[in-house]
Amino acid sequence: MLNKYARAFFTRVLTPFAALLLRLGVSPDAVTLIGTAGVMAGALVFFPMGEFFWGTIVITVFVFSDLVDGNMARQAGISSRWGAFLDSTLDRVADGAIFGGFALWYAGRGDDDILCAVAIFCLASGQVVSYTKARGESIGLPVAVNGLVERAERLVISLVAAGLAGLHKFGVPGIDVLLPIALWIVAVGSLVTLIQRVVTVRRESAEADAAEAAAPAAQGPAGVLRLDADASGRDGEGDR
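Residues in the sequence shown are numbered from 68 upward in steps of one, following our numbering.
In short, the hints are calculated from the structure, not lab data. Treat each hint with caution, since some may be false.
[Stated by the list, open to error] What follows is a set of in silico ranges between Cβ atoms, one per label pair, in the way DEER data are often shown: (1) 180 / 237: 26 to 32 Å; (2) 274 / 234: 49 to 55 Å; (3) 104 / 143: 20 to 26 Å.
Every residue gets a Cβ at the ideal spot worked out from N, C-alpha and C, and that includes glycine.
Turn these sequences into a full structure, and let the hints guide you.
So this is what it looks like as structure tokens:
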């Protein structure tokens, strides 16, 4: 949901910056790699120490690289399968670092095994949610569903809560409870989204299998496609 509207807005805002980077000779792949490295540093250095505010600031600065690199590629006319693959793969790495940072905090100084497990579940379920769509599309299904909590929602909910929870160190009382609440919301939302996508893939695969099973019935005994009276007269060989 957020991905649909927020991405379009920030793409327009960041277009001049993307153009500047191209003029400076920076490649989209370099932006992707630097952005991922920055997110990982913010999550795995600051979060395990309980520095949620500063960690969120660092991550937020670098997370916009996910929009800048694609914008650069489109402006330069160099969009490629490799770029799409690299971007998607490193997105999973960055997400893993963020929730891994939360898990490390709760496994260490945060001293809460339940929230550590919730953070790990958020990490794993987020990866599987992304995989279900990618795998469904790879076998030729549209996977025509987004779901309750996609990547944008997971990041916004968890990072906003983490940043606000970090204000506890600046003397704001009781605000640190926001991060546990956010992790539970992301965990439940990711589970719902996973179920939505699995159900959709099951329905679409059943429809596709039924369509394939019905196809031979439209062929004659010699395997030649039967034509209706108003058909053009072209068989399947000419329409590849």
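Verification of the supplied hints:
1. 180 / 237: 26 to 32 Å: 28 Å, holds
2. 274 / 234: 49 to 55 Å: Between residue 274 and residue 234, where Cβ atoms are some 50 Å apart, the hint holds.
3. 104 / 143: 20 to 26 Å: 22 Å, holds
Checked against the numbered hints given earlier, the structure satisfies every one of them.
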